[in-house]
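Visitor: Residues per chain are reported as follows:
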Amino acid sequence: MLDAVPPFRPRAGAHDDERVIKLAVLAVGGQGGGVLADWITDVAERNGYVAQSTSVAGVAQRTGATIYYVEMARDTGQLPVFALSPSQGDVDILIAAELMEAGRAIIRGFVTPERTTLIASSHRIAAVSEKIEPGDGRASSLKVHATAEAASKRFIAFDMEKIAADNGSMISASLLGALAGSDALPFTRESYEQAIGAGGRGVKASLAAFGAAFDRARGTAAPAPKKAEPAIVGSALGAGHVIGPQSLLQGWQALTARIDVMPEAVRDMALRGLRKVVDYQDIAYGREYLDRLDKAIALDGPDRGYDLSVAAAKHLANAMCYDDMIRVADLKTRSTRDRRVRREVGVKDGSILQVTEYFHPRIEEFCGTLPANLGSYIESRPKLAAFLDRRINHGRRIRTDSFAGFAALWFIGGLRRWRRRLLRHQVETNHLERWYALALGYVPVDYALAVEILNCRRLIKGYSDTHVRAQSKFDRVLSALDLVKGRPDAADWIRRLREAALKDEKGDMLDGALKTVASL
Amino acid sequence: MAERSFAKEVEKLRLGSGEEFAGEGILAITKALLQCGVGYVGGYQGAPISHLMDVLADAQDILGELGVHFEASASEATATAMLAASVHYPIRGAATFKSTVGTNVASDALANLASGGVTGGALIIVGEDYGEGSSIMQERSHAFAMKSQVWLLDPRPNLPSIVKAVEDGFELSEISNTPVMLQVRIRCCHVHGHFIAKDNKRPPMTVADALDAPRRDTGRIVLPPASFLHEKEKVQKRWPAAVDFIRKNKINEMFGSDHGSVGIVMQGGMYNSVIRALQRLGLADTYGDTDVPLYVLNAVYPLIDDEFLSFCEGKQSVLVVEEGQPNYIEQAFAAMLHKAGRGTRLVGKEHLPMAGEYTGQVMLDGIGAFLRAEAPHLLPGEVRAPNKVGDGVDTADLINVVPGRPPGFCIGCPERPIFAATKLVEQELGKHHIASDIGCHLFSIMPPFELGATTMGYGLGPASASAFNSPDAKRRSISFVGDGGFWHNGLTSSIGNAVFNKNDGVIVIVDNFYSAATGGQDILSSRAGNKTKSTKHPITEAVKGMGVKWLRHIDRTYDVTKMQDTLREALTTDEKGPKVIVASSECMLNRQRREKPLVDKAIKGGERVVKPKFGIDEDICTGDHACMRLSGCPSLSVKSLDDPLRDDPVAHIDQSCVGCGNCGEVADAAVLCPSFYRADVVHNPGRWDRFLEAARRAIISLLQRRRESRRLTFADA
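Read top to bottom, the protein sequences are chains A and B. Counting from 1330, one number per residue, gives the positions in the first sequence under my numbering. Counting from 42, one number per residue, gives the positions in the second sequence under my numbering.
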């Protein structure tokens, strides 16, 4: 034993002799947590510390949650006894490479208010369970933020993934920058940069990401500007946001003039809705939309906050812009779409973009795009429909960068002009009218219930089988109306049913909830 | 080629005497083998010892220089059987595998090896895959040591200790003519540390020398009457020799005060966690100095009676820290104390949990409870009577918020479309009994696929469906096996068995060109060339050779429609006997690792390269997420739109997409929605490309302008 080592003083509080610093990294497999742990070990050793890192190697941990663990102590010449995994209540620095991993660290007890510096990237990587819900299954980030503030000694959180991406690097570099910038470890910025430099690969980008995160953690960089909710009322009425031939612009102004006299609470949603339907079809369709909306406004009043009218403005627009082949073809052949794809894919000058679209039309879509009489004629003859389906129903890959592919879609998009005469339009309009009349019919007796019926439109989405399933959920939810109407909590029940319907694919939760309703 | 290259680390294996080695535990073991003059090494990859195999595979040059034979064994049984080279010849040999799964497979060879005994040192390095991060059933290797009477070392988890254990292990094996198992736990395998190296040693006798001068000794062969003598020899000669060696060489260590009323006995692997608990209780310093007497079993089998009894001398009570169950060590110690008529109280699983990993908290609680009960005077006041319990932050709500994140298929995994197709076929034909196997494809049991009812062992997927073969059944069973499991033993146990017993089920062989789950090692059917191995042996040929008549090969698993059609046909055909589908596409992780640098180089070098990526038209996506229920790909996720008209998040594909094609194929096969598109970027286009592009764009722009001049266009539409 070296003389420099302080003598052992049992029961005097072992943490005082040569303090061990404990650092854990919680990451998602594939995020480069191993690289980060190696860098941290290297930095510690460069600063005259003994360090030990451990992990459960990524081999079997594809894309799952993983932990890397580093312990370090000033090198006194004698080897400390380090633990191989983090313990509850015994971690000084916790680095979470994703927000929910920070939450997991707190749940596992690795974050304590007296001592843990929690450094977390605030971005989200949705888990499979969050992605597969038909509605919005994502976990609440706010809850994690709030708990993290309370659970840690210091909480440093910002989007380190974005910093890494902006600098062409990986999140391990920006996490290291945040660690260095936090001053939670007694090491200089230079020693971190040396460790990155020693790695040898992508050093320049890593250093840039490191530096940007370092500044953010120090608080010397301006926080990223918060994206403001774009309010389009007023400003959007200026002609600069809408372009087109003069005659159509005049028609548009006549429509927006109608919105200007609507109650203030409704205007924003109404304008968004109007833009959507005019973009979908034409000025006359916008007029139809406003006519329908006016019916709700007429029944509404400021005492209710215009909830009914806002819901109507939103869901009427969605219902009127049903997803048919014409719309898909129209959207896919616009010049704005071409520009967006180029931007998203990152096509550089001198490169060529080829775009393949995946279509799988069935007899239903085909008939929907036929004049109403002809479409219903075929649909009412199953043998004929099956015969045609065999010819139509298979996958088609269409190259919209090629002339033939583009022209085909451009042609279908051009059917827009005749849309009102087509079978699908008739079916959708009938459905819309029934639903809208049903909702408005409840306004005098149960205002809240009427709003909830309008909101049920959210359930209708998707194409082909998915659309059929969505329709069925919509029908099942509204089938409960007879059971709940007249109850003071009728609106609540419909809301609950709708939420249940968005939980799983087939609507098993919904069926369960319906049974509960039936037993009321 | 394995997914991680150790070309750089391998140079550390050349370090000479006195130089400092810095690196992972598993690499240190490899170096120790060479320092011990090992003559041959074999093994089967699997966490946590995959890297040992990968390091050796990358170290062929060094091994060649030393005359060491290295083999990537076909299975753990093969690896252990290989140790037969040490039966008659004084050559040191080592085998390594994941335990207990590997030890299960190896146990036939292990029992035979242990019966006849060895002349040269035979070391079996088992990576104990127990506790957090483990992917297998939770059992102990200890039982195997006991049943076959091979010795089990469990060194303290630091590099100098495990290197010493390798050295001790060989000597112990030779002195007692018994194979020795060296157990290392997951985190110990991946611990980063240092030790002072020694020179590598050329084996005194190489396998080549042995081949030139063959030896035999009937007395070492497991056949009566020798086998009866072996059993006696085990207890009369080998056991006492081992006990002597362990005692004389102080393999087990004593720390702390040599007097005191209590003491703690532990497996070597538990030492660091015990010290951490003592540190937190205020009873040890950073370096592990403590007043509490500790008895550290670096050899956990056999146990040394007198060593233990002398440790217990003068002690009122002793705590046994033994991870896992049954508590063999505790039982053995209790018997020793009882037979010796000692009054020392032995406690173990009273304070520590019977089952499960001994984490930091478990250890702190257990040792704390022991000391509070047996020796409260040792504890500082604040530990004896803590003021508060818990940390005060309520995390109950958070538990309902934070989603689980089990491992799953990688970005672009070629196995994803196989299970998407299976899910679609089940939607058509109804649920089937599905038997799974070991390998990445086992992730099918998780959402979003949730396919598969059992997993019975490596290569045993189809075997585990063999009971489901009834002429009365209207549905067939479906079973999966990976290419790794297929070559490990699936060819005979699963395919051969199905042919022989006229099984009518459907067998899908998932062929991704590697033993992918263990780190992408090459196997017989790998399609890459390998300098030291013979690859490119098609699975289809092997299956045909076993007598399978109904065989389909899909050479691009991403073709979901074809996969779906083939499965449907297999499930409905009138043909009797096993229906085998070989679904082949290269592991995307390995493919990207191989191709990405080449593609980047080609683009930089001005070559014409087409790079695919998928995207989604967010105004066409309706936010139902049906595509994700058939994918689960990390690059396909949800995104909120900045649009109050839309309630649900839409699908979004991020930059990590490798353009595998699954999204488009699934959208087509399942008739989902037309929002997916594939964007192929042609880098460095040729003259013809550019001409065509200019012509097309001219016409397309014309059409676009024509239509857009007759309608309203909203700025952000």
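Worth flagging that the hints you see were computed from the coordinates, not collected in a lab. The model shown is predicted, which means the values in this text are computed figures rather than measured ones. We put the CB at the ideal spot given by N, CA and C, even for glycine. You may find that some hints are simply not true.
[To be verified] As a list, the in silico DSBU-like pairs of lysine-lysine whose alpha-carbon atoms are at most 35 Å apart:
#1 B:Lys472 - A:Lys1835
#2 B:Lys680 - B:Lys574
#3 A:Lys1533 - B:Lys49
#4 A:Lys1844 - B:Lys590
#5 B:Lys464 - A:Lys1712
#6 B:Lys574 - B:Lys637
#7 B:Lys645 - A:Lys1472
#8 B:Lys205 - B:Lys273
#9 B:Lys515 - A:Lys1844
#10 A:Lys1844 - A:Lys1491
#11 A:Lys1491 - B:Lys590
#12 B:Lys652 - B:Lys590
#13 A:Lys1533 - B:Lys645
#14 A:Lys1835 - B:Lys654
#15 B:Lys242 - A:Lys1835
#16 A:Lys1832 - B:Lys574
#17 B:Lys603 - B:Lys590
#18 B:Lys273 - B:Lys239
[As the list claims (entries may be wrong)] Among the chain B residues that face chain A by a calculated CB cut under 8 Å, a handful are:
#19 Ile227
#20 Cys451
#21 Thr602
#22 Lys603
#23 Thr614
#24 Gly618
#25 Pro690
Visitor: If a hint holds in the structure, say so; if it does not, say that too.
Guide: Status of each hint after checking the structure:
The hinted pair formed by Lys472 of chain B and Lys1835 of chain A meets the criterion: a straight-line CA distance of about 15 Å does not exceed 35 Å. Taken as a hint, the Lys680 of chain B and Lys574 of chain B pair is broken in the structure, with Cα atoms around 47 Å apart against an allowance of 35 Å. Simply put, Lys1533 of chain A and Lys49 of chain B have alpha-carbon atoms about 22 Å apart, close enough for the 35 Å limit, and the pair holds. A C-alpha spacing of about 51 Å is found between Lys1844 of chain A and Lys590 of chain B, which places the hinted pair above 35 Å, so the restraint is violated.
A hinted pair counts as satisfied when its Cα atoms are at most 35 Å apart, and Lys464 of chain B with Lys1712 of chain A qualifies at roughly 29 Å. Between Lys574 of chain B and Lys637 of chain B, the direct Cα distance comes to roughly 25 Å. Compliance with the 35 Å bound is thereby established for this hinted pair. Distance hint between Lys645 of chain B and Lys1472 of chain A is unfulfilled; the C-alpha atoms sit about 46 Å from each other, more than 35 Å. Taking the CA atoms of Lys205 of chain B and Lys273 of chain B, the gap is about 30 Å. The hint holds against a cut of 35 Å.
Straight-line distance between C-alpha atoms of Lys515 of chain B and Lys1844 of chain A comes to about 33 Å, which keeps the hinted pair within the 35 Å bound. Restraint check for Lys1844 of chain A and Lys1491 of chain A: the C-alpha separation of about 46 Å exceeds 35 Å, so the hint is violated. Of the pairs offered as hints, the one joining Lys1491 of chain A and Lys590 of chain B is violated, with about 54 Å between alpha carbons and a cut-off of 35 Å exceeded. About 39 Å separates the Cα atoms of Lys652 of chain B and Lys590 of chain B, which puts this hinted pair outside 35 Å; it is violated.
Proposed proximity of Lys1533 of chain A and Lys645 of chain B is supported: the alpha carbons are some 18 Å apart, at most 35 Å. At roughly 31 Å between alpha-carbon atoms, Lys1835 of chain A and Lys654 of chain B fall within 35 Å of each other, so this suggested pair holds. With a CA separation close to 66 Å, the supplied pair Lys242 of chain B and Lys1835 of chain A exceeds the 35 Å bound. Between Lys1832 of chain A and Lys574 of chain B the alpha-carbon distance is near 51 Å, which puts this suggested pair outside the 35 Å criterion.
The straight-line distance between the Cα atoms of Lys603 of chain B and Lys590 of chain B is roughly 20 Å, inside the 35 Å bound, and the hint therefore holds. Our distance criterion of 35 Å between C-alpha atoms is broken by Lys273 of chain B and Lys239 of chain B, whose separation comes to about 38 Å. The restraint placing Ile227 of chain B at the interface with chain A holds, with a minimum CB-CB distance near 6 Å, inside the 8 Å limit. Of the supplied interface hints, the one on Cys451 of chain B holds, with its beta-carbon coming within about 5 Å of a beta-carbon of chain A, less than 8 Å.
For Thr602 of chain B, the interface hint holds, since its Cβ comes within 8 Å of a Cβ in chain A; the closest pair sits about 7 Å apart. A least Cβ separation of about 11 Å between Lys603 of chain B and chain A goes past the 8 Å threshold, and the interface hint is therefore violated. Using the Cβ-Cβ criterion of 8 Å, the hint placing Thr614 of chain B at the interface with chain A is not satisfied: the shortest such distance is roughly 22 Å. Of the supplied interface hints, the one on Gly618 of chain B is violated, with its beta-carbon coming no nearer than about 32 Å to a beta-carbon of chain A, more than 8 Å.
With a least beta-carbon distance of about 6 Å to chain A, the hint placing Pro690 of chain B at the interface is held under the 8 Å criterion.
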